Amino acid sequence: MSTQNDFVLAVEGLSVSFDGFKAVNDLSFYVDEGEIRVIIGPNGAGKTTVLDLICGRTQATEGSIRFRGKELTKMKEHAIVHAGVGRKFQNPSIYEDLTVFENLELSYPKGYTVFGALAFKRDAAVIEEVERIADTIFLSEELEKPAGLLSHGQKQWLEIGMLLIQKPDLLMLDEPVAGMSVAERRQTAILLRRITEGRSVIVIEHDMHFVEEIADRVTVLHQGKVLSEGSMERVKNDPKVVEVYLGH
Amino acid sequence: MNHKQITYFPRKDLIGFAILAAVLMLVLPMALDVFRLNLVGKYLTYAFVAIGLVLCWGYGGILSLGQGVFFGLGGYCMAMFLKLESSDPESTKIQSTPGIPDFMDWNQITELPWWWEPFYSLPFTLFAVVAVPVLFAFIISVAMFKRRVGGVYFAIITQAIAAILTILIIGQQGYTGGVNGITDLRTLLGWDIRTDEAKTILYFVCCLLLLASLATAQIIRRNKVGRILVAMRDQEDRVRFSGYDVSNFKIFVFCMAAAFSAIGGAMFTLQVGFMSPSFVGIVPSIEMVIYCAVGGRLSLLGAVYGSLLVNWAKTSLSESFPELWLFGLGALFIGVVLAFPNGIAGLFQRYVEPYMPAWYHGRVAAKASEKGNSTTSGDNVTPDTSEEVPTGSDKQPATLKGGHYVNAE
Numbered sequence: 001m002s003t004q005n006d007f008v009l010a011v012e013g014l015s016v017s018f019d020g021f022k023a024v025n026d027l028s029f030y031v032d033e034g035e036i037r038v039i040i041g042p043n044g045a046g047k048t049t050v051l052d053l054i055c056g057r058t059q060a061t062e063g064s065i066r067f068r069g070k071e072l073t074k075m076k077e078h079a080i081v082h083a084g085v086g087r088k089f090q091n092p093s094i095y096e097d098l099t100v101f102e103n104l105e106l107s108y109p110k111g112y113t114v115f116g117a118l119a120f121k122r123d124a125a126v127i128e129e130v131e132r133i134a135d136t137i138f139l140s141e142e143l144e145k146p147a148g149l150l151s152h153g154q155k156q157w158l159e160i161g162m163l164l165i166q167k168p169d170l171l172m173l174d175e176p177v178a179g180m181s182v183a184e185r186r187q188t189a190i191l192l193r194r195i196t197e198g199r200s201v202i203v204i205e206h207d208m209h210f211v212e213e214i215a216d217r218v219t220v221l222h223q224g225k226v227l228s229e230g231s232m233e234r235v236k237n238d239p240k241v242v243e244v245y246l247g248h
Numbered sequence: 001m002n003h004k005q006i007t008y009f010p011r012k013d014l015i016g017f018a019i020l021a022a023v024l025m026l027v028l029p030m031a032l033d034v035f036r037l038n039l040v041g042k043y044l045t046y047a048f049v050a051i052g053l054v055l056c057w058g059y060g061g062i063l064s065l066g067q068g069v070f071f072g073l074g075g076y077c078m079a080m081f082l083k084l085e086s087s088d089p090e091s092t093k094i095q096s097t098p099g100i101p102d103f104m105d106w107n108q109i110t111e112l113p114w115w116w117e118p119f120y121s122l123p124f125t126l127f128a129v130v131a132v133p134v135l136f137a138f139i140i141s142v143a144m145f146k147r148r149v150g151g152v153y154f155a156i157i158t159q160a161i162a163a164i165l166t167i168l169i170i171g172q173q174g175y176t177g178g179v180n181g182i183t184d185l186r187t188l189l190g191w192d193i194r195t196d197e198a199k200t201i202l203y204f205v206c207c208l209l210l211l212a213s214l215a216t217a218q219i220i221r222r223n224k225v226g227r228i229l230v231a232m233r234d235q236e237d238r239v240r241f242s243g244y245d246v247s248n249f250k251i252f253v254f255c256m257a258a259a260f261s262a263i264g265g266a267m268f269t270l271q272v273g274f275m276s277p278s279f280v281g282i283v284p285s286i287e288m289v290i291y292c293a294v295g296g297r298l299s300l301l302g303a304v305y306g307s308l309l310v311n312w313a314k315t316s317l318s319e320s321f322p323e324l325w326l327f328g329l330g331a332l333f334i335g336v337v338l339a340f341p342n343g344i345a346g347l348f349q350r351y352v353e354p355y356m357p358a359w360y361h362g363r364v365a366a367k368a369s370e371k372g373n374s375t376t377s378g379d380n381v382t383p384d385t386s387e388e389v390p391t392g393s394d395k396q397p398a399t400l401k402g403g404h405y406v407n408a409e
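Just so you know, the sequences run in chain order V and W. So the first sequence is residues 1 to 248, counted in the working numbering. So the second sequence is residues 1 to 409, counted in the working numbering.
Hints were generated in silico from the structure; no laboratory data involved. One or more hints might be untrue.
[Said to hold, decoys possible] Here are the in silico distance ranges between beta carbons for each label pair:
(1) V:76 x W:135: 32 to 42 Å
(2) W:135 x V:132: 24 to 34 Å
(3) V:123 x W:347: 52 to 62 Å
(4) V:62 x W:160: 56 to 66 Å
(5) W:148 x V:62: 36 to 46 Å
(6) V:181 x W:350: 29 to 39 Å
(7) V:132 x W:123: 44 to 54 Å
(8) V:207 x W:147: 50 to 60 Å
On a predicted model such as this, the values are computed, not experimentally measured, just so you know. Ideal Cβ positions, reconstructed from N, Cα and C, are used throughout, including at glycine.
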C-alpha cells in the first residue's frame with residue numbers, strides 16, 4: 001500500500017495500551033535514509049515508549065513497524081539489533097565493573113552466541129575498531145579505566161560508542177545530552193553530527209537549542225499521537241505545539 | 001598495552017592455583033591420617049558446588065538455592081551403579097528376590113525398574129553423572145530464563161525444586177532407598193572403595209578433578225563469556241540491546257554450575273560410601289551457598305577455601321556442641337553479609353594483597369612503576385581491573401575490590 005521501502009523506518013498505525021491506558025495511539029511516522037529525526041513532546045507523551053516499541057522492549061498492541069521492509073513487531077530484541085537498530089537508553093547504561101575497552105569490546109558485533117563468545121578472540125581487528133571508536137567518542141585516554149569511574153557525560157558518550165561499534169543503520173538516542181555540562185553538550189552535538197553520516201538517527205530531546213542544532217525534521221508527540229511534524233521552524237510556529245509544549 | 005591480551009591465568013591466579021594444589025596434594029596428605037584426609041575429601045566435594053556458584057551467582061548474578069539437586073543427582077547416579085554392583089545374586093541370596101538392591105526387596109519390589117538397568121554399565125554411569133543433572137538444569141533454566149524469570153523468583157523456584165526432589169526421593173522408597181538413601185556401597189568394578197588405600201586414591205582423584213574444574217571455571221571467567229556474565233549482572237537490558245540473547249548465557253552458566261555440582265556429588269558418593277536425600281534438600285543447598293559466600297563469591301579459590309573452612313568448623317563444632325552448629329552457621333552467614341560481603345577472598349584482596357611483593361603482581365606492578373608515582377601507595381594493584389571483577393550492582397560502583405577504587409562522582 002505504501003512505498004515503505006523508500007523509508008528506513010515506517011511506523012504505521014502503532015498503538016500500545018497498558019491496562020487500558022493508551023500510551024501510544026494510532027501513531028504513524030516515517031524516517032528517511034540518512035535523516036536525523038528528533039522527537040519532542042511533554043512528559044508522558046509516549047516518546048520513550050515509541051523507542052521501546054521499535055527496539056522490541058515493549059510489544060505493540062496494534063500496528064506495524066517496518067525497518068527496511070522488515071516487520072519488527074514480532075522480532076526478539078537481539079534479532080532487531082542484528083537487523084541494524086541500535087538503542088541508547090535515557091540513563092547511561094554501561095557496564096560499570098568493566099573497563100571502557102571491555103565495554104566497547106562486548107558491543108563489537110562478533111561472538112553473539114554462547115559458543116561464539118567462548119571462541120571469541122581479541123584480535124587486531126577488534127582492538128583497532130575499539131580504538132577507532134574510542135577516539136570518536138573522546139575516550140582514547142580512558143580505555144583502561146573502569147567505566148564506573150567515568151563522568152556522567154563520558155558515560156553517555158561511552159554508550160553512544162557502544163552503539164556505534166555495532167554499526168547500526170538506525171540509531172535511537174534517548175535524551176543524549178541530559179545532565180551534561182554546556183561544554184559537553186557542544187561536544188556531543190559535534191559527535192552526533194559526525195556519527196550520523198551514512199545512517200538514520202532518531203533522537204528524543206528536551207533541550208530546544210540542541211534540537212535546533214541537530215534536527216532535520218521534528219516530530220511532536222502529545223498523548224501518544226503526532227501533534228505536528230516538519231522542520232523545526234515550522235513546528236515552532238505551530239499554534240498547537242506552542243499551546244501544549246513550547247508555551248510553557 | 002594491557003588490554004591487548006587476554007591471559008587466562010595471570011600470575012596472581014597461577015600462584016594461587018599452585019598454592020592450593022600444593023596444600024591439597026602435598027601438605028594435607030602428609031599431615032592428616034586417612035580418616036581425616038577422607039573428611040577433607042568430603043569437604044572438597046562441596047567445593048565443586050561452590051565453584052559453580054561463583055560463576056553462576058558471583059559472576060552471573062543468578063542465585064540458585066537448589067544446587068543440592070544437582071549434587072544429589074550426580075551422587076545418586078554414581079550410587080546406583082555401585083549399589084547394583086554390590087547387589088549381585090550371590091551376596092543377596094537371602095532376599096526374596098535375589099539380585100536387586102536390598103531396599104527394593106524390603107519394599108516388595110520383585111523386579112529391577114527399567115531405568116535402573118543402564119546403571120549396570122560404568123561408562124554409561126559416568127556419562128549420566130554429568131548428563132542427567134545438566135539435562136535437568138537445562139530444562140529448568142530454559143523454562144525460567146526464556147520467560148525472563150530471574151532474581152529472587154528464580155532463587156525461590158530452585159529452592160522449591162530442591163524440596164520437591166527430596167520429597168520425591170523419600171516418597172519413592174522402593175526405587176530410591178527413601179530417607180536412608182542408597183547405602184552399603186562396596187566396590188567399583190571389584191575394587192573395594194572402603195579400604196584406606198582406596199580412600200587415599202579417591203582423595204587424589206577428587207583433588208585432580210577439582211583442579212580441572214577450577215581451570216575450566218577460570219577459563220570461562222576470563223573469557224568473553226565471563227565478561228558478558230558480569231555485564232548481564234549489572235545491565236541486563238544493555239546486553240540484550242547489544243544483540244545478545246541473554247537467556248542463552250544464563251542457561252549456559254547454570255548448566256555449567258550443575259555439571260560441577262554433579263561431579264562433586266559423584267565424588268561424595270565414592271568417598272563417603274552412600275548417598276541420601278539429606279544432601280539434596282533445602283538445608284544442604286543453602287549451606288552450599290554459604291560456603292561460597294564465606295569464601296568469596298567472586299573468587300574461585302576463595303570458594304574452595306570457604307568450603308574447607310566452613311565444613312571443618314562444622315565437623316569440629318558438631319563433634320563437641322552438636323546443637324550449636326546451626327546457630328553458628330547462621331551467625332557466620334549474617335557476619336559475611338554484614339561485615340565482609342566478598343568473603344575471605346575479599347579480606348585477602350583488601351588486607352594482604354597490597355603488601356605482597358612486586359613479583360606477585362607481575363605486570364600490574366610493572367605498569368604502575370612505569371607511571372611513576374602518579375598513584376598513591378597501595379593503589380598499585382588497582383589499574384588492571386581485568387584481574388578481578390568488583391562485586392555486583394547492589395553496591396556503589398567502583399568502591400569495591402578491596403576499597404581501592406575511589407568513586408569519581
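Hint check:
1. V:76 x W:135: 32 to 42 Å: For residue 76 of chain V and residue 135 of chain W the Cβ distance comes to about 25 Å; the hint is violated.
2. W:135 x V:132: 24 to 34 Å: violated, 44 Å
3. V:123 x W:347: 52 to 62 Å: violated, 38 Å
4. V:62 x W:160: 56 to 66 Å: violated, 38 Å
5. W:148 x V:62: 36 to 46 Å: violated, 23 Å
6. V:181 x W:350: 29 to 39 Å: holds, 35 Å
7. V:132 x W:123: 44 to 54 Å: holds, 52 Å
8. V:207 x W:147: 50 to 60 Å: violated, 39 Å
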